[in-house]
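Keeping their order, the protein sequence lines are chains W and X. Per the numbering used here, the first sequence starts with residue 1, numbered consecutively. Per the numbering used here, the second sequence starts with residue 91, numbered consecutively.
Simulated from the structure, these hints should not be mistaken for lab results. There may be inaccurate statements among the hints.
[As the list claims (entries may be wrong)] Residues of chain W placed beyond 10 Å of chain X at every Cβ, according to the derived structure:
#: 1; residue: 1
#: 2; residue: 22
#: 3; residue: 28
[Said to hold, decoys possible] Facing chain X, according to a computed beta carbon distance under 10 Å, are these residues of chain W, among others:
#: 4; residue: 12
#: 5; residue: 18
#: 6; residue: 20
#: 7; residue: 35
#: 8; residue: 39
#: 9; residue: 40
#: 10; residue: 45
#: 11; residue: 48
#: 12; residue: 52
#: 13; residue: 73
#: 14; residue: 74
#: 15; residue: 80
Glycine included, every Cβ here is placed at the ideal spot set by N, Cα and C.
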Amino acid sequence: MDTDTLIEELKVKLIDILNLSGVKPEDMDAEARLVGGDLGIDSIDVLEMVVMVEKDYGVIINSQEMGEKVFASLASLAAHIRENAPASKE
Amino acid sequence: MSGPAYILGSGIVTCLGSGREATLAALAANRCGLSALEVFRPLQEEVLPVGQVAVPAGAADLPRTHRLALEAAAQAMAAAPGPPDAVIVGTTTGGMLESETLLRQGETDCHSYRFHGLTTVAELLGRRFGCCGPVLTVSTACSSGTVAIALALEMLRQGLAGRILAGGVDSLCRLTYFGFHSLQLVDRHRCRPLDRDRQGMNVAEGAAMLLLAAEPEQDDAPAILGAALSCDAHHPAAPHPEGRGALAAMRAALADAALAPEEIGYINLHGTGTRENDLAEARAVRRLFSRLPPLSSIKGATGHGLAAAGAVEAVVAALAVEENLLPANTGLAEPDPALALQPLRRPERRPVERVLSNSFGFGGNNGSLVIGRAGRVGAVSGNRPWPLPWLSIHGWSCLSGAGMQAQCLDRLLRGERVAGQCSASRFADRLDPRLIRRLKRLPVMALALALAMHEDSALETAFSSVFLGTGWGALSETHDFLERLAETAERFPSPTDFVGSVHNGPAGQVAIMLGARGANITFSGGDGSFEQALLGASLWLGDEERGCVMAVDEAHGVLSSLFDPSVAASAGLADGGGGFVLGRQPGQGRARVRLLFHGRADDGLLPAGLVRSCGGPEVLGRTCGLILAGLPLACREQAEKQLHALLRSGGLRVPVVRYRELTGEFASASALAAVLAARLVHDGEVPAGLCSPGCSLSGRRVLVLGLGMTVTAMEFAAP
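Whole structure, please, built from the sequences with the hints as guidance.
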């Protein structure tokens, strides 16, 4: 999966698991600040995303420092997943 | 009111041991009691360190929480001169550990869950030790034990009791073990509060109970000298980064004890070991104390006992004073320079007169106690019998299957059934979508009620204190957390559902929405949760302050009929709630309310004190225009007998409305009845639809009775 497709997929997932009602995928900027930005995403949401990333992509995000960097933006999250995802069977 | 609450007896059970002697020996040796989890077997490989107790066998039908509570209470009551006049227990787990197993087994018999409710812990202690007075349950997450003691202090000061058994208890369970882990707040190694490399807390179980009294038995007995509560009104789980609420609580506790910071000889920190808590608490401590006294967190030894923690640490503080022992900050290797504190690295033997002890919790809840020698200062205020003083009602709100406010109240006035589940879109539409994005049914109901009562009060500033009752807490979040935990073989517990599952979550959300930074107490007293919240407000509300008293419960398709026997016996699900904006200013507002009576009826009969506190049969017959009677379906027969006994007692000819026939069966139904009562005395008449043939109240009052094992009476009157 290329980065752009992954970002689009992540947008849909975030809207769902974080219940961002009223937000559409096209409203979300891949480079914009994700945590503490306009979407109102906070530390609990980050943890919910950590679970999703492990569950859906097999990528474990443990330490909080790493978490902050990873969740800087949708683009950084997608890059982290691509770099760390276990080899896909495709 | 001021004055101490003397500690006549205390009991303590933690992973350090059972009883004062064992605890003292472990603290003096700087021993860590944490070990790998054994209480239940996790499905995944990883096993985290916890504080667990060797709970003695016996009473095997009782849940672990209840057995822990009994053991600590038996120690506290060992030398008691008689039964306590009240019992106040802080707990968050109740029978959760056992219910988790039953739910996984697919158990559907309501009887199997009879000890699930938080209230059953306090009720067990009430029965075991012969308490006939109020038996209260507070659930304010990790400050619960401290809040229970603070309420006991105030109850003694106001002369409502001579002796009170108060404390906190929690057992380990999957909900808290995996919940804190899902928040990445658990240290995989044994926790190291205040350490530079600290990585979180360790969940623990335990219990501590204190027998508190208005009169000392010995002149040098340690006592609770002061207490204060506050709310951050900032975030559901994280502390305010500057420790705003923590500072307010500590400062007010010192003021309550009439002490200056330099008179504190030791601070027992909340010190959980999470990065955020320790930093926020350190900032608050440094702002209050220009010269820091010796301080430490004992959670590196005991782990974090959640609802038990505040009571455990109150007992430890009393031990420090009696035994001249300052406990060490167990587990500390390198103090975090960012905290700028010098925690005690080793236990120190030296006299200490007064200790400040902190407890903070989810929902932004903060509580601080001051413990020390009081000397004999004489009776605080003398015994003042019931009833409690009048509170003025400035606004109200209600919610039922029929809808909110007039949609609900107008139908009740016509005597029409409002039982059912209201669609969330009808009560949530006025709330900010961003505020409720992560919330499920119960917290949204609480927010809708809080906003509606604030608007109804037409007061410029919102209330600052919140007293919220809920029989069962956030069932949707609890259910969803446990279901996902089981479905994912315990790999992916939901952090959002865990934070939402705590009983004081809704009250914390109300505080955030309206900026309410005063006391924030959630009561989980079963069918009497609203009455307990009203009792809490009567005790705690400041003279110039306004507070919100409400109760709310959600109907849940799976859990309601398993946990609540009245729901199990009823035909359909119903939920809702109601409440008031209250103040102490006499003559103001639209109506008045006071709690006339709150007691237990273990023999099933009508407590004699009820009619007495109503002023006797003659006064009751003259002043009461209508009785709204709460007869929970599960104990309907017993409640009917009590009602008849009351009516017979003075040949009372007062019309009675059995309000659960209108509201349906749910724990907070009495809150709806209370709002109806307020409206009736405000209007001055009882419509024929509600109670044929209708009548003018002509200044007479409306009594809202709660019947069953716990008997309560609230009285409503025109201002």
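To see whether the hints hold, each was checked on the structure:
1. 1: Given a closest Cβ separation of 22 Å, the condition holds.
2. 22: 6 Å, violated
3. 28: 15 Å, holds
4. 12: 16 Å, violated
5. 18: 7 Å, holds
6. 20: 7 Å, holds
7. 35: 13 Å, violated
8. 39: This hint holds: residue 39 of chain W lies near chain X, its Cβ roughly 9 Å from the closest one there, short of 10 Å.
9. 40: This interface hint holds because 5 Å falls under the 10 Å limit.
10. 45: 8 Å, holds
11. 48: 5 Å, holds
12. 52: Check passed: Cβ of residue 52 of chain W comes within 9 Å of chain X, closer than 10 Å.
13. 73: 20 Å, violated
14. 74: 18 Å, violated
15. 80: Hint on residue 80 of chain W: violated, closest Cβ of chain X at ~17 Å, above 10 Å.
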